[in-house]
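When you get a sec, could you build the whole thing from the sequences and use the hints?
Protein chains: 2
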Amino acid sequence: MSAKIIDGRKIATDIRKKVVDDVKRLKSKYGIIPNIATVKIGSDPQSDLYLSLRDKACLEVGIKSKHVELPGNVSEKKAIEEIKKLNDDGNIHGILIQFPIPKNFSQDKLVNCIGSKKDVEGFTAENMGRLMIGDESIIPCTPLAVLTILEEEKIVFEGKDVVIVNHSNVVGKPLLGLFLNRNASVSVVHVFTKDLKKYTSEAEILVSASGVPRLITGDYVKKDAFVIDVGIVKTKDGVCGDIDFESVKNKAGALTPVPGGVGPVTVACSLLNMVKTFKSCIEDVDE
Amino acid sequence: MSAKIIDGRKIATDIRKKVVDDVKRLKSKYGIIPNIATVKIGSDPQSDLYLSLRDKACLEVGIKSKHVELPGNVSEKKAIEEIKKLNDDGNIHGILIQFPIPKNFSQDKLVNCIGSKKDVEGFTAENMGRLMIGDESIIPCTPLAVLTILEEEKIVFEGKDVVIVNHSNVVGKPLLGLFLNRNASVSVVHVFTKDLKKYTSEAEILVSASGVPRLITGDYVKKDAFVIDVGIVKTKDGVCGDIDFESVKNKAGALTPVPGGVGPVTVACSLLNMVKTFKSCIEDVDE
Chain A
1 MSAKIIDGRK IATDIRKKVV DDVKRLKSKY GIIPNIATVK IGSDPQSDLY LSLRDKACLE
61 VGIKSKHVEL PGNVSEKKAI EEIKKLNDDG NIHGILIQFP IPKNFSQDKL VNCIGSKKDV
121 EGFTAENMGR LMIGDESIIP CTPLAVLTIL EEEKIVFEGK DVVIVNHSNV VGKPLLGLFL
181 NRNASVSVVH VFTKDLKKYT SEAEILVSAS GVPRLITGDY VKKDAFVIDV GIVKTKDGVC
241 GDIDFESVKN KAGALTPVPG GVGPVTVACS LLNMVKTFKS CIEDVDE
Chain B
1 MSAKIIDGRK IATDIRKKVV DDVKRLKSKY GIIPNIATVK IGSDPQSDLY LSLRDKACLE
61 VGIKSKHVEL PGNVSEKKAI EEIKKLNDDG NIHGILIQFP IPKNFSQDKL VNCIGSKKDV
121 EGFTAENMGR LMIGDESIIP CTPLAVLTIL EEEKIVFEGK DVVIVNHSNV VGKPLLGLFL
181 NRNASVSVVH VFTKDLKKYT SEAEILVSAS GVPRLITGDY VKKDAFVIDV GIVKTKDGVC
241 GDIDFESVKN KAGALTPVPG GVGPVTVACS LLNMVKTFKS CIEDVDE
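Read top to bottom, the protein sequences are chains A and B. Using our numbering, read the first sequence as starting at 1 and increasing by one per residue. Using our numbering, read the second sequence as starting at 1 and increasing by one per residue.
Hints are computed from structural coordinates only; laboratory data are not their basis. Hints are supplied without guarantee of correctness; some may be wrong.
It does not matter which identical chain is meant; a pair holds if it fits inside one copy or across any two.
[As the list claims (entries may be wrong)] Below are the BS3-like pairs computed for lysine-lysine, each with C-alpha atoms no more than 25 Å apart in a straight line: (1) K154 to K4; (2) K194 to K154; (3) K154 to K18; (4) K17 to K154; (5) K249 to K197; (6) K66 to K56; (7) K40 to K85; (8) K223 to K197; (9) K40 to K103; (10) K222 to K197; (11) K251 to K198.
Right, here's the structure in full:
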């Protein structure tokens, strides 16, 4: 039997519809629309392309975007000042930093200047900590996309054997927090793991974000597992993910494709987070 | 061959010596000694006993203790005000909340009122988030004790298969962050896990904090594993831990006993954290 192939684009479309409705409702209630600022330091063609795609996605759902463009040789102090200005600006309802930033900047330091209420990406220490202790206010977009896909498929988390191939701050760590908060058993493996297959082949839910094209072949997967492919790499044969689609599709119970799986859901989840920070900015006036 | 039995009391004594030296050095440099406040709401005999033991431990290393005792029927608002006063008090260098607190209080809300610099137990969302992203400023005492024991034994973390039996906010979650930051492969299991033995029997490092007396017998343990017992329960036969000492000691490579293992190291680590918050209060004057 072939795995159910998850239609990420369909899920993303549904999320965007919800975002459009929420933005309309909040506009009619408060008379304002979300205004999200992106801080960009220096210039990078890939990054500029990504930014223009995000602007377009925002425009389509009724969210305003503002860019704060700083030269590549700006001082860290000045960049921090700019972020703090956005924190204090009542007309800004969310802040993102466009990565990559120049290497002489401390990514952690910059990110942690963002006020936790305006932290669209959920990368600040405070939002990460909240997520870990079970107070999931802002969830980083990629982990949120994975969660959304599983919830969409009515997966029960409690007691499930979950394996995450990634231990980064933006994917693996928040994701494991989400699974633990839902009482799954979670293993986190990565490039330093001695025997990857020993772990992945026991997973009922397998989330892979290694960035290694087709790392996970059929023999790495447990029969009927729910397999989520977070990897995306451009190869000469086109875009591909962590999962070897051909060999896994006959073994897994469900599988997200690349492209058309986690990617579009992640973009839509970013819009969801913008609405969330907007709401917390305009509704939590007493804090 | 029998496992090496780790002497937690010896490690704790060494830590306390270091704390005494640090307190002396900081006193001669700044002319002040650490002053740690404990907020206690209502009364609980067990809690009072614990508090008096901690006061004694503080006294022995030259740390001052102050109690803020609030009646059990105090309002949450008033309790929060008292914590905020301690945050603003330049003569207080660390704050703890004595648990249990009355059930009508939100533990998370109260803990997160503590300024992150004075958060002796590392329980605030910000300190938890920092730990998770690899900026380990204040580490909760029990996870710090586990880390300290392994470091004391010169254990290499990278690539090790680690299993943690506990997924609480105060033990399992921070501990898994510490292991992931050091590039171990980590599995977190708990009461909802379907097949505990399948996990534990593959662990090169096994940390158990289930609170179930003698849950982990020899057949749950991999040969030569490093086994750390965080459990402590009073039974009619005396105090015992998660680990069935008799059957595990002939299989594990190293083993912490109960009592005399993680417990005393945890108490000593709490003193270490007091010195840490003291230093960050008196030295980070520019923030």
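Verification of the supplied hints:
no.: 1; hint: K154 to K4; result: within (14 Å within a copy, 47 Å between copies)
no.: 2; hint: K194 to K154; result: between (33 Å within a copy, 20 Å between copies)
no.: 3; hint: K154 to K18; result: within (19 Å within a copy, 53 Å between copies)
no.: 4; hint: K17 to K154; result: within (20 Å within a copy, 55 Å between copies)
no.: 5; hint: K249 to K197; result: within (17 Å within a copy, 30 Å between copies)
no.: 6; hint: K66 to K56; result: within (12 Å within a copy, 57 Å between copies)
no.: 7; hint: K40 to K85; result: within (15 Å within a copy, 39 Å between copies)
no.: 8; hint: K223 to K197; result: both (14 Å within a copy, 21 Å between copies)
no.: 9; hint: K40 to K103; result: within (14 Å within a copy, 47 Å between copies)
no.: 10; hint: K222 to K197; result: both (10 Å within a copy, 19 Å between copies)
no.: 11; hint: K251 to K198; result: both (16 Å within a copy, 22 Å between copies)
In terms of the numbered hints stated before, the structure departs from none.
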